[in-house]
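Participant: Kindly generate the complete structure, drawing on both the sequences and the hints.
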Amino acid sequence: MSDQETKAVDRAEISKMLEKKAPEMKRILNYCVHCSICAESCFLYMSHDGDPQYMPSYKVINSLGKLYKKNGNVDHEFLEGIKGMVWNNCVLCHRCYCPIGIDIPRMIDFTRSICRSQGVFPKLDEGESWL
Amino acid sequence: MIIAERKPFEEIKEMVKGYKNILNVGCGGCTSICLAGGQKEVNQLNAELTKENPELNIDSLVIERQCNYDFFVDLDEKAPKYDAILSMACGAGVQFVSERYTSIPVFPALNTVFCGVDRNVGWFEENCRTCGECVLGDTAGICPVTRCAKGIFNGPCGGTRIDGSCEVDKDTPCAWTDIFNRLTEQGRVDKITEVKPPRLWQNQVRRTLIQEDYKARYAE
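For the record, the sequence lines run as chains A and B. Residue 286 in this note's numbering sits at position 129 of the first sequence; the count goes up by one each step and never skips. Residue 381 in this note's numbering sits at position 167 of the second sequence; the count goes up by one each step and never skips.
Heads up, some of the hints might be wrong.
SDA-like mimics (lysine to any residue), calculated; alpha carbons at most 25 Å apart, straight line [what the hints assert, rightly or not]:
hint, chain 1, residue 1, chain 2, residue 2
1, A, K280, B, A261
2, A, K226, A, G258
3, B, K429, A, H251
4, A, K240, B, N282
5, A, K178, B, L289
6, B, K254, A, E170
7, A, K280, B, R220
8, B, K265, B, C329
9, B, K292, A, E176
10, B, K295, A, A179
11, B, K429, A, R252
12, B, K234, B, A354
13, A, K227, A, P180
If you're looking for bench data, these hints aren't it; they were derived computationally from the structure. The model shown is predicted, which means the values in this text are computed figures rather than measured ones.
Facilitator: This is how it looks when you write it as structure tokens:
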């Protein structure tokens with residue numbers, strides 16, 4: 158078992174991080190109208206035959222959105238579960254376009270920071286693939 | 215991808231000597247992927263530095279990319295609280311961080327080694343010298359600048375061994391033999407029969423690239 162799997166989740170730390178970015182998160186969760194315009198600006202979405210898992214808004218809502226709704230009250234398994242969504246399914250190219258102006262990559266970036274704070278990140282030295 | 219490796223510990227220790235409050239900044243881009251400057255490597259270096267000097271206060275922060283200011287939000291907040299910054303990014307990232315916080319000394323914890331590919335976990339190979347005049351179309355996808363020991367543009371030289379290795383090192387394949395063999399396989403040997411003019415050596419000066427479609431935006 159690797160260090161990442163055995164590390165306990167510090168929920169208070171996650172809550173603190175979420176609290177700090179609360180206004181930005183509220184904006185995306187309240188203002189995203191699910192127009193899916195961001196989808197076609199994502200080359201990963203396009204190259205995966207329109208698989209909704211690659212839709213930028215989907216990635217944020219199902220990772221950071223869930224973290225926020227749970228107020229950081231998540232376990233290690235949850236963080237491992239969203240790891241693929243924020244690392245494998247997004248390269249942070251900053252090309253996704255949101256007509257409302259939501260900074261989607263910033264949200265993905267922030268989700269990665271939360272995962273990192275709990276020791277969850279791609280285990281490249283163990284042969285785990287990034288993309 | 216840019217490949218880097220950690221500097222010798224003694225060198226890093228000497229650079230940060232005298233600073234008591236340091237922020238070690240990892241990069242989530244290339245140096246994470248090449249296992250030199252990601253979260254794990256940041257933690258490892260901090261543990262080593264703390265073991266060496268228990269009085270030292272060294273914190274860590276990994277930002278997604280040190281070569282793009284869009285990712286500097288968290289660093290902007292933390293950086294002013296420290297006497298010095300250690301950067302585990304490539305040389306471009308280190309300079310970008312330094313340019314952003316001019317009053318804080320920024321030290322490189324890595325040596326940027328080359329632009330290359332992943333052969334396997336932790337095994338990387340240089341494939342491009344970023345010369346700015348790519349000839350791979352005519353050389354069957356084998357770079358003579360990078361792979362020929364002499365960087366010869368119109369090869370081969372007279373030092374190719376009978377077994378197709380390089381005179382400089384018998385374990386190094388002669389790039390021009392490989393180019394010839396692959397072009398033969400593709401029926402395109404004519405591509406290297408014409409002498410190429412001298413190069414402009416564009417990689418000897420600092421380069422900036424603005425893609426054609428964006429030139430108007432930055433015209434001023």
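Participant: Keeping to a limit of 25 Å between CA atoms, is the pair of K234 of chain B and A354 of chain B held or broken?
Facilitator: Violated, because 53 Å separates the two Cα atoms, which is more than 25 Å.
Participant: Holds or violated: K295 of chain B and A179 of chain A, Cα atoms, limit 25 Å.
Facilitator: Judged against 25 Å, a Cα distance of about 23 Å means the pair holds.
Participant: Quickly compare the C-alpha distance for K240 of chain A and N282 of chain B to 25 Å and report which way the hint goes.
Facilitator: holds, 22 Å
Participant: Holds or violated: K265 of chain B and C329 of chain B, Cα atoms, limit 25 Å.
Facilitator: Violated, because 33 Å separates the two Cα atoms, which is more than 25 Å.
Participant: Decide if the proposed pair is consistent with the structure: K280 of chain A and R220 of chain B, CA atoms, cutoff 25 Å inclusive.
Facilitator: Between K280 of chain A and R220 of chain B the Cα gap is close to 18 Å, so the pair holds against 25 Å.
Participant: Is the straight-line distance between the alpha-carbon of K292 of chain B and that of E176 of chain A 25 Å or less?
Facilitator: holds, 17 Å
Participant: CA of K227 of chain A to CA of P180 of chain A, is that 25 Å or under?
Facilitator: holds, 16 Å
Participant: Given the hint that K178 of chain A pairs with L289 of chain B, test it: the Cα-Cα distance must not exceed 25 Å.
Facilitator: holds, 15 Å
Participant: Just to be careful, I want the Cα atoms of K280 of chain A and A261 of chain B compared with a cutoff of 25 Å; is the pair within it?
Facilitator: Holds: K280 of chain A and A261 of chain B sit about 19 Å apart, inside 25 Å.
Participant: Taking 25 Å as the top limit, are the C-alpha atoms of K254 of chain B and E170 of chain A close enough?
Facilitator: holds, 19 Å
Participant: Under the criterion that the straight-line Cα-Cα distance not exceed 25 Å, is the pair K226 of chain A, G258 of chain A satisfied?
Facilitator: Measuring from Cα to Cα gives roughly 22 Å; hence the hint holds.
Participant: Does the structure keep K429 of chain B and R252 of chain A at a Cα separation of 25 Å or less?
Facilitator: holds, 18 Å
Hints 8 and 12 from the earlier list are contradicted by this structure; the remaining hints agree with it.
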